[in-house]
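*Asks:* Chains as they are written, first to last, in this note's numbering: chain A, 1 to 195; chain B, 196 to 281; chain C, 282 to 1041.
Among the clues, some could well be false.
[Stated by the list, open to error] Lysine-lysine pairs mimicking DSBU-like chemistry, simulated, CA-CA at most 35 Å apart:
#	chain 1	residue 1	chain 2	residue 2
1	C	LYS571	C	LYS541
2	B	LYS237	C	LYS460
3	C	LYS422	A	LYS38
4	B	LYS237	C	LYS457
[As the list claims (entries may be wrong)] What follows is a set of in silico ranges between Cβ atoms, one per label pair, in the way DEER data are often shown:
#	chain 1	residue 1	chain 2	residue 2	range
5	C	GLU606	A	ILE189	54 to 62 Å
6	C	PRO906	A	ASN90	40 to 48 Å
7	C	ALA879	B	LEU212	56 to 64 Å
If you are wondering where the hints come from, they were derived from the structure by calculation, not from laboratory data.
Please read these numbers as outputs of a predicted model, since none were measured by experiment.
Even for Gly, the Cβ is constructed at its ideal location relative to N, Cα and C.
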Amino acid sequence: MSSPQHTNTPAQKHSSTRTLQHTTALQRGNEERFVTEKIHVSTTINGEAVEFLCDARQSLLELLRDGLSLTGCKEGCNNGNCGACTVMMNHLPVNSCCVLAVEAEDAEIETVEGIAAQGQLHPVQQCFLQGAALQCGICTPGFIVTVKALLEQNPHPTEQEIRFALAGNLCRCTGYDKIIRSVQAAAEILQEAKS
Amino acid sequence: MATIFIPAPLQDLTGGLAEVELEAVSLGEVIARLEARFPGIKDRLCDDDQLSPALQASINHVMTRQMRAEVGPDSEVHFLPAIGGG
Amino acid sequence: MSNVIVQPSSTRPRKYNVIGTRPVRHDGVDKVTGKAIYAADLSLPNMAQGAYLRSPHAHARIISIDTSQAEAMPGVLAVATSADLPDPWDKTEELGEGCINYAHLSGNVLARKKALYRGHAVAAVAATDIHTAQQAARQIKVEYEVLPAVTWVLDAMEEDAPLLHDNLFTQTLGEKPTKPSNIGQHIHFEQGDIEQGFAEADVVIEREYRTETVHQGYIEPHASVALWNEDGRLKIWTATQGSFTVRQQLAELLKIPVSKITVVPCEIGGGFGGKIAVYEPPVAAVLSRKCGRPVKLAMRRDEVFEGTGPTPGSFMRVKMGATKEGRLTAAKAWLAYDAGAFPGGMIGPGSMCVFSCYDIPNATVDGYDVVLNKPKTQAYRAPGATQAALATETVIDEIAVELGIDPVDFRLQNAAKEGTRRVDGPTYPRIGLVETLQALKESEHWNSPLEGPNRGRGVACGFWFNAGLKSSAAANVNDDGTVTLVEGSPDIGGTRTSLAMQLAETLGIAAEEVHPQVVDTDSVGYTDVTGGSRVTFSTGLAAHKAALDIQDQMIKRAAELWECQPDDIQVDAGTYGYNDHKQTFKELAVELSSTGEAIVGRAAVNPQGSTNAFSANIVDVEVDPETGKVKILRFTTAQDAGKAIHPSYVEGQMQGGSVQGIGWALNEEYFYDDRGAMKNASFLDYRMPTSYDVPMIETIIVEVPNPDHPFGVRGVGEVSIVPPPAAITNAIHQATGLRMHHLPISPPRLHQAIAERNGQ
Ligand code: FES
Ligand code: FES
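Isolated chain A (complex conformation) (with noise of 0.2 Å):
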């Protein structure tokens, strides 16, 4: 399953034992323990280095929506059940609610707006258009995101393989059918393109 890769590290270079602590409260809610210091984090976002100021409490997807307005990407639950947030870090699928943005140091994060490459869709993008694969799109960016981690990690999915790395992307609209058929579709022209 496509269960977000935490990778500490980064945060805890910065200040350890604040990350941890604000995980804990932001799960008990009690975020006015904090003292609000803000911190510089240093990253790679769709491959340009940027630097931002963010609090400990503030999650990657706060950060990249309200700090950046990198706004593809989508705030569906805020605790990692439904895959509207995912990004890629350092080139694994992350739900970005649940990764802090002083996590990103240092990190390669990409996210939906970075998938096109200069005015052209990305196979996965045109393959769901012409599948069909969308009804309200909101939840959208979070697949494509996650289905072209996937195709890069398994070029060649069978259709059990791709509705187990799809399990943690929520559809409500579209019964996942045309999602599957897509990737399947997008997996093709990624191959057709290799060879």
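Position chains B and C with the ligands relative to chain A; hints supplied.
*Replies:* Here is chains B and C with the ligands on its own, set in the frame of chain A:
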């Protein structure tokens, strides 16, 4: 003559009649004529002078809440619960 | 055999150029690249962030609210409670899609004297950032007097049940009650002679059912940005199924004229009926007025579960009788549906749909709308019909088994058709249930064997009305011969394209040459909600008429140009001709743009009939007797679409509704503790189907054209959710021999039933 189907809970006012034939050109007139024959029936169907918001009328498959809605000589009129949709 | 289209020989299909093709949707690129703007994505200069305080109690009197500490916090800009909303008028209004009582709506938006369910909004804060707002909300001190709560529909109907509203008198066409109760409405239908009907039956089956509360589960939480300006104008960007409906609700709740309000519908991340009634827009508006800044108010997921409308849990008793030959003679239903904290749930349509698939000469239906301490229920895709279909379709299955008649044949034998009188009174016009069942019967799925232990196959069918209602459209012909379509139906599932296609078909141009735009309430005529499966039907009709308006103007102008009479001009598939003149729409449009005024088509429609949709399913399941887990092996859904404008998106509606139905059948439910608190307000514990839980959903689109639409369109959005729980329940019976009567048939529930049956 239009045929008005009387919902079962109103039949205490119509003496058990389930269908009533009457001459009317609009829903408003249907209700007025019913009231003339079966006093009290309007009070059950309407809030002020409008069809109660919990109700709609079906006139030959057309759902309406307009008192002006046209009723033809062969129309079938039903009173139904209002419905929403997702 | 995955997705097929069946045009029954009884219908005469027409040839189209655009309709029936599968163009890429117009808003697609925005949505696959993350550029589409949903309400929560919006950020305005100097925008404040809002957060709610909600009741921790399921039923409590609010003694006092002290906001002083919260207001004193640095960064806090405004606090709102129900005292900031004008006193509501006790007025019920038809809002296109069901009615809303404004006193109730206002009391739901921010609790007044009582908190009626856990999660009921009590106050809200606007602050410079979201964390400050959330912190401040927790500093609001509310003194409650906790009252006994009731969360089960039959308990709430008891004489001595805790009363939610002391001014709620049962609405009924019969004599008005003199005492208040928790029963908001009693519906009663009668047809024929029920005693006589059961006397004629050789087999009579009566069963009781219970279904739990479920949520629409749209992935986008409710969100709005409000800007109440010093000039008294209010502008709201929001996630809604109906921008005009939001405008109307705001005008009533805030007591300001509609002309002062502009509602901008953002892209919407799902609704399924749950984004029609307002929650946060009036609260964001009040906060904005108080702090003089734009305010964003977005819900968290747990707030969506606890504070917005799920759809009713229910208790149902259904009894049906048939002769040996398989003719239904009588049916009786007693239905009690949760309304949630305020009356006006889904019992009306539930009562009308319970027997609507069949021709039954003798029947009675009693339906009760019951208030209790849960969030106010809202529509969810064919609201009220899915619960009712569970009861009817499983009783039908039992009768068919008892009589030894094939379940599809039994349904065909009794299926409603043109002229059948429904139990609630009206007769059907031309409908496609028979054709839908026939298509199912001829499908590869039905004709392939299902083998193996613990496996079973079930079928069921379902009905939903669909709506017509008001829609408006304008269409501007551009200099380059393309057309911009301006409309007001928020696009939840690709309707921009299904409307553009109808316009394109009418004008004889390509779908890609139309640019559909969903615009705000100041920029298009009144348009009812995206709901009731009505957009492709009704707004489609408006698009078609706007195209005809354009065509008329083109003919007149071409006649001037070619110096002939308008009647002399022939139009054929988008080519305008007279003698030697022959021009395509595009050529003519380009020429006309430089020879006179612009060409603007417009239309406003208000079709009133329902378009009567039917759906039927075959489902194969495998039950794990050790765990009670049900695996869906194969699933086919057949549906009468009238005419599929964009077949991919019709299939998408069928597949999406089917999977929601699967979730409803097998996993989804609100768990309450004995104090009325929902225990599973997250996507982890409220378990919706993932891609790993379901197979491909095979579709059969049946096309029995709707006589009331130029292209034969019927609504397709909702009915697909109706049959799945019943079909799955029937399949489980075949797999295990057990008749399950309680949804969801979750692993623990089925496991227990298997254990009890095995005497453990
Ligand atoms: S918002 Fe991150 S998983 Fe749902
Ligand atoms: S398209 Fe709406 S949630 Fe997936």
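*Asks:* Of all the hints numbered above, which does this structure not satisfy? Sort the numbers upward.
*Replies:* Hint check: nothing fails, all pass.
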